[in-house]
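Going line by line, the protein sequences match chains H and E.
Each residue of the first sequence is one higher than the one before, counting from -10 in this note's numbering.
Each residue of the second sequence is one higher than the one before, counting from 646 in this note's numbering.
Fair warning: there could be bad hints in the mix.
As the list claims (entries may be wrong) - Below, computed lysine to aspartate or glutamate pairings styled on EDC-like, alpha-carbon distance capped at 20 Å: (1) E:K762 x H:D588; (2) H:K150 x H:D160; (3) E:K735 x H:E560; (4) E:K668 x H:E48; (5) E:K668 x H:D49; (6) E:K734 x H:E594; (7) E:K762 x H:D591; (8) E:K668 x H:E560; (9) H:K13 x H:E259.
In short, the hints are calculated from the structure, not lab data.
Just so it is clear, the structure is predicted and the values come from calculations on it, not from any experiment.
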Amino acid sequence: MEDSTIQAVVNDAEVASFLARARKEAAPLCVDLSKAVTPREAEFLELGAALQRVAGTVEDIVEQAEFLTGLTSRDALDSFGAELTQELDRMQALLLLAAGAENESALMSIRATLAQLGEQLGSFKRIVKHLHMLGISTRIESARLGADGSGFGTLADDVEKLSVAIGRQSDSISKQSQALDALAATAMEQARHMLESQRRCTDEMGSQVQRNLETLLQLSHMSQELSQALGERIRQAHHNIGQAVSSLQFHDITRQQVEHVEQAMTDLLEMIDEHLAPGRDAAETDLELVAFMAELCAMESRQVRAASDRFVDAVTSFGDRLHGVAAAMDGLADEVALVRQDARVGGGSPRTALQGIEASINNIMQSIREFVAQGEAKGEVMDRVAGTIQEMGAFLEDVEEVGASIELIALNASVKAAHTGDKGKAMGVLAQSIQSLSHAARLQTEAIAKALSGVAASSEVLRTNSARFREEVHVEEALARLGVLVKGLTSIDAETTALFAEVSAAGKAVARDITTLANGLTMHHEVARQLSASAARLDSLQQQAAALAPGGHAGMHSARLESMLGRYTMEIERQIHLGIANADAAAGDSAASAGGEEDPLDGVELF
Amino acid sequence: MGKTIMTVDDSASVRQMVSFTLKNAGYDVVEAVDGKDGLAKLTGSVSMIITDLNMPNLDGIEFIKQVRAKAQFKFIPIIMLTTESQAGKKQDGKAAGATGWVVKPFKPEQLLAVVQKLLR
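In isolation and in its complexed conformation, chain E is listed as follows:
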């Protein structure tokens, strides 16, 4: 069985493409529509999180902070997948506990390279 990756994004089409890419590569995928939904669905089986930044209810930065507050998920890789590319925002993400930053649109081989590198 493949490792489980959570994709958190308010865009269903982005979640669909992330999920398609990861499942094709043999990963199991859990989808969440925003940070709040992501926290609710976060279980011990999740090995990595790929999250958007701008989302309703709970945005990516706050979501990462809350995930990092849980001892169990203190060190799992969290990648931000967002249209945002400003250095300041990236700094915020890093400060919140993000492991890396990928700007949308992603290419499947790019996303998989990141996932494979971080889940090695």
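Bound conformation, chain H alone:
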């Protein structure tokens, strides 16, 4: 429509000029409004894609963090602690068995018996001396008797031989006895040493196990605290991601609001054209139309400003939510790094608590190995003791044989003395002495035999213990089980150390990326500038119209404006229209409102 046509139709030149100007401004205003929000959808989609990537990364980190806390959870560590305690209890029982406290009393008994044996051997030596003297006397008496004593030369030889044999036996037994005593003394020393080692080992095990269990408990507490702290960070991240999802829907919401303004202005243009059309209905005066234009422009300006505020608020809120996710992930990384630091022995130690436990178990295992080596060495000595005692058992027969030989010689001497008659009376005295000696020898051999039997009996205890040690003390199996535990611990330690580092680094990295993304959000400033410019043009039109029709509708909405209420789709538009909401209130309705603990079905109506 040409300006001249408008001038021809409208009587008032000023009104005609305004309507012509309004027509010219309304169309580009609609174009500018449509350019402000709608084309931004691609940027919103990019932000949506970025949010999905962020959420994906956050979920990966959350999964790793949950796995990490699971590795050091109370259940896992309790189970490890129980297994460790059980293995070390078994080990202590084995050590007690290996130490063999009863060996000491057996060895003491052997040594006491050997001391008695020594005394008895001393008596035996006296018998040998008497025998030797009797042999010499027999030889002298045989020489004195001349031809009558020729048979006594053989007797003297027998007595001499017997004294030498007994002396040799006695020396052998004495030497064996001394060797045995020395061995028994060594074994006793070893047994005492082993008992001490066992006590030390047991004490060390007890205190180390206690320390390890305390460390495990600390780790478990740390893990529990970490789990809670991470849970809170994860909730923060999820909450912020959820709010960001809400914010990103505001492109659609503000687009609709702006489109409704566009529609209202397009309708106004048609209305003006209809009003100015030739043969128009004169039901509405020019000033009534201008008055409606004033109130419509004022209304649409408020709608545009509210839409602008909601858009800005949504993007700002999205940025804030991203910063919230970044803060949550940064905090999560810090929590993990802190626990990683705390999990080190004594704070600044380069060793982790689990490595400390590993080292402690390895120490225990080393002590056990050394202890078992001592046990084996002691077992060998015990075997030698038992072997020596067995060898000494062979002397029993020899000693008994000596007793029988003396008796035989005594009998032989008596018989020969009787054959010699009166000349052999002196020989009879010698025979009598040999007989007495035979009796004494008999008593000594019995005592020595008894002592040797006692030693042999004690050796059985040693032999049984030695065999039992070999059969029952399967330390290698127990050590292997401990080795498996240590291996498990090493694996957990390596995994947790790597995960601590990974989660911490990943948390920091994603926090940095999210912050960069959030700091790069600027589109809302341009949209706000464009919408603000459009609102200003609406304000200008409103002011021009209001100046031409100053009375307007006496502060009331015209019926036409009232009828527009039914065209809105959003409650906020209706509130603005009714004047019960302003731009600030509208902004408050946006996604920025972070809900606390709400019923998720709030705002949902199920039919």
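Given chain H's structure and the hints, the job is docking chain E onto it.
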């Protein structure tokens, strides 16, 4: 495999957020740009529909009517996700066969609560 949910909305950014929310919760999602596109993509695997109200070509109300006309989809849950909150419109939606009404912007936990309740 998760159940399949169709999201019908002329706004790509809303479809993106609905899809993101549902997929994260383990659902499969089919996207349609309006009612007409929704009808074309409707297959037997769809267990639930979340649709906008104001859309070009075929709006939400008419779309629901046509979906309900198909015997196979007579009873599947259909949720309207829209900026509209007027009681009259909700009544129209209910009359057309909608199961429920959620006003935009939705919160993920809110949408999932509805979906989980209706797909139980």
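Any of the earlier hints contradicted here, and which numbers? 8
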